[in-house]
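**Q** Residue numbers (this note's numbering), protein chains in the order written: chain A, 1 to 109; chain B, 1 to 314.
Hints listed in this document are in silico derivations from the structure and should not be mistaken for laboratory results. Fair warning: there could be bad hints in the mix.
One-sided excerpt, in silico: chain B residues whose CB lies under 10 Å from chain A [stated by the list, open to error]:
1) Leu19
2) Ile45
3) Val71
4) Ala85
5) Lys88
6) Tyr312
7) Leu313
Simulated crosslink set (SDA-like; lysine to any residue; CA at most 25 Å straight-line) [said to hold, decoys possible]:
8) Lys277(B) <-> Glu6(B)
9) Lys96(B) <-> Arg16(A)
10) Lys90(B) <-> Val15(A)
11) Lys127(B) <-> Gly240(B)
12) Lys96(B) <-> Phe22(A)
13) Lys90(B) <-> Glu71(A)
14) Lys73(A) <-> Asn21(B)
15) Lys96(B) <-> Ser14(A)
16) Lys90(B) <-> Glu8(A)
17) Lys113(B) <-> Ala35(A)
18) Lys138(B) <-> Ser155(B)
Derived list of chain A stretches under chain B, where covered just means 3 residues or more per stretch with a C-beta under 8 Å from a C-beta of chain B [said to hold, decoys possible]:
19) 15 to 23
20) 47 to 61
The C-beta atom is built at its ideal place from N, Cα and C for all residues, glycine as well.
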Amino acid sequence: MATSEAHEHDIQASVRRYLYVFYALLFGTGVTVAASYIPFGNHEINIAVALAIAIAKASLVAGFFMHLISERKMIYGFLLFTVVFVAALMALTVISTGPTEMIHVQHVS
Amino acid sequence: MHAAMEIPYVSTPRPDTGLYNAKIGIWLFLASEVMLFGGLFSAYILLRVGAPDGTWPEGWLNIPVGTTNTVVLITSSITTVMAWASCKMKQFGRFKLFHGLTLLLAMTFVGIKSYEYHDKFTHYEAKLNDQLVLADGKTVFGNLVANTNGVVLFSVSTGQPGEYEATPAKYAQAQVAKIVPGQIVDGHLVERAADHITLSGHTVAEHAELMNMRSAAARHIQHSEITLVPAQLRSIETYGPWHNTYLAIYFTLTGLHALHVLGGALVIGYLWGPGSKLWQTDPERFTNRVEISGLFWHFVDLVWIFLFPVLYLL
Numbered sequence: 001m002a003t004s005e006a007h008e009h010d011i012q013a014s015v016r017r018y019l020y021v022f023y024a025l026l027f028g029t030g031v032t033v034a035a036s037y038i039p040f041g042n043h044e045i046n047i048a049v050a051l052a053i054a055i056a057k058a059s060l061v062a063g064f065f066m067h068l069i070s071e072r073k074m075i076y077g078f079l080l081f082t083v084v085f086v087a088a089l090m091a092l093t094v095i096s097t098g099p100t101e102m103i104h105v106q107h108v109s
Numbered sequence: 001m002h003a004a005m006e007i008p009y010v011s012t013p014r015p016d017t018g019l020y021n022a023k024i025g026i027w028l029f030l031a032s033e034v035m036l037f038g039g040l041f042s043a044y045i046l047l048r049v050g051a052p053d054g055t056w057p058e059g060w061l062n063i064p065v066g067t068t069n070t071v072v073l074i075t076s077s078i079t080t081v082m083a084w085a086s087c088k089m090k091q092f093g094r095f096k097l098f099h100g101l102t103l104l105l106a107m108t109f110v111g112i113k114s115y116e117y118h119d120k121f122t123h124y125e126a127k128l129n130d131q132l133v134l135a136d137g138k139t140v141f142g143n144l145v146a147n148t149n150g151v152v153l154f155s156v157s158t159g160q161p162g163e164y165e166a167t168p169a170k171y172a173q174a175q176v177a178k179i180v181p182g183q184i185v186d187g188h189l190v191e192r193a194a195d196h197i198t199l200s201g202h203t204v205a206e207h208a209e210l211m212n213m214r215s216a217a218a219r220h221i222q223h224s225e226i227t228l229v230p231a232q233l234r235s236i237e238t239y240g241p242w243h244n245t246y247l248a249i250y251f252t253l254t255g256l257h258a259l260h261v262l263g264g265a266l267v268i269g270y271l272w273g274p275g276s277k278l279w280q281t282d283p284e285r286f287t288n289r290v291e292i293s294g295l296f297w298h299f300v301d302l303v304w305i306f307l308f309p310v311l312y313l314l
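For reference, chain A alone in the conformation it holds in the complex (with noise of 0.2 Å):
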């Protein structure tokens, strides 16, 4: 049975990089708390430094323990949409945060 052994072996090399998955999120999750002791200066620094972290970690996640890295075509398809949507989502959130104009309203008696 040489292709079940292969299967295995293949397994075997799988659990080693779930290894190194688990510590690279450790070593993020120890980043992401340091980092928010550090004053950048700017808050919002501080804001998308935590969120790069949590996407990169958050990738790991995804791509290695839900193996997205070597998914089907259709399951990319599905995640196309949810990508679409949840980017149309948060740039209607950003562009609602943005500055407003003010209309300024004059009382004349």
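Keeping the supplied structure of chain A fixed, place chain B upon it in accordance with the hints.
**A** Only chain B this time, still in chain A's reference frame:
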């Protein structure tokens, strides 16, 4: 006849898509979950950006506790993927071990989260009445209405929080030794009875002083036990979701997430316990089930990866 009724592709992949049914099902479900949490994250952003300056709390959650829970959840993700890999390698005993650990870690997460919730529900902000100290040493609690032309008008508390006599009492300024404006006592419950409440905390002049608990000043706050009687209280409220928009979105996001942890633990618990009988008859299908529940579990971990910095650190 029975063979014709069988649902195809429950464990073997459909040749054209390369996917078995449940794989498609779980990903469609996770796509809808992304939108559910996405909407709530959007609500969080709008609430936070819309909050007037200095009103969005900082440092209200315990960072070491949150970090511990993050590590617990990440560890449960690796045990989940190891449980699945064990099934793939036909090591049922190792599957049992790893998913047993997953369950323990899930319960640890929920336990720590419960501790954090309990901490909020026993944390009180008490707004105090103004205090009038008379020349003869007597103290009256209530609302200062006016202090002009040698006369102090004072609505005296009826003894119930937030309730006052209909007509303000009149005092000559000469009668009044001191007027103490209403302060705020913030702290955790020590004891509560009908006639008093004791909090372990500190006193501040303004609500705004409670907002930044990560500041250098906040680290040096001395806590002491403060006993209050009902007549002293203008209002009193716990740090529940009703307290402010931050806590409202905190409880909504973490509550929904905790429900996902419990739901995931229920499924993993079934697969670990009675559901594991399927291993004897259809190991391939069982392995697929472990994979599907794992995908859900990793998603729950993924949501927490965003929740942790957003709620605890920023």
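**Q** Hint by hint, say whether it matches the structure.
**A** Verification of the hints:
This hint holds: Leu19(B) has a C-beta 5 Å from the nearest C-beta of chain A, less than the 10 Å allowed. The criterion of a C-beta within 10 Å of any C-beta in chain A is met by Ile45(B), whose closest approach is roughly 5 Å, and the hint holds. A least Cβ separation of about 6 Å between Val71(B) and chain A falls short of the 10 Å threshold, and the interface hint therefore holds. Look at Ala85(B): its Cβ gets to within about 5 Å of chain A, closer than 10 Å, so that hint holds up.
At a threshold of 10 Å, the smallest CB-CB gap from Lys88(B) to chain A is about 5 Å, leaving the interface hint in force. Below 10 Å, beta-carbon pairs count as interface contacts, and Tyr312(B) has one with chain A at about 8 Å; its hint therefore holds. Of the supplied interface hints, the one on Leu313(B) holds, with its beta-carbon coming within about 4 Å of a beta-carbon of chain A, less than 10 Å. Restraint check for Lys277(B) and Glu6(B): the C-alpha separation of about 20 Å stays at or below 25 Å, so the hint holds.
The hinted pair formed by Lys96(B) and Arg16(A) meets the criterion: a straight-line CA distance of about 20 Å does not exceed 25 Å. Taken as a hint, the Lys90(B) and Val15(A) pair is honoured in the structure, with Cα atoms around 14 Å apart against an allowance of 25 Å. Between Lys127(B) and Gly240(B) the alpha-carbon distance is near 16 Å, which keeps this suggested pair within the 25 Å criterion. For the hint pairing Lys96(B) with Phe22(A), the CA-to-CA distance comes to about 20 Å; that is within 25 Å, so the pair holds.
The suggested pairing of Lys90(B) with Glu71(A) holds, with an alpha-carbon distance near 22 Å, which does not exceed 25 Å. For the suggested pair Lys73(A) and Asn21(B), the alpha carbons sit about 15 Å apart, so the restraint of at most 25 Å is met. With a CA separation close to 19 Å, the supplied pair Lys96(B) and Ser14(A) stays within the 25 Å bound. A threshold of 25 Å between alpha carbons decides the hint, and for Lys90(B) with Glu8(A) the separation of about 9 Å falls inside it, so the pair holds.
As the CA atoms of Lys113(B) and Ala35(A) are separated by approximately 24 Å, the hinted pair is consistent with the 25 Å bound. Distance check on the hinted pair: Lys138(B) and Ser155(B) sit about 16 Å apart at the alpha-carbon level, within 25 Å; holds. Three residues within the 8 Å Cβ limit are the bar, and the segment 15 to 23 of chain A against chain B gives 5, so the coverage statement holds. With 8 residues having a beta carbon nearer than 8 Å to a beta carbon of chain B, the segment 47 to 61 of chain A meets the requirement of three or more and the stated coverage holds.
The structure is consistent with each of the numbered hints, conforming to all of them.
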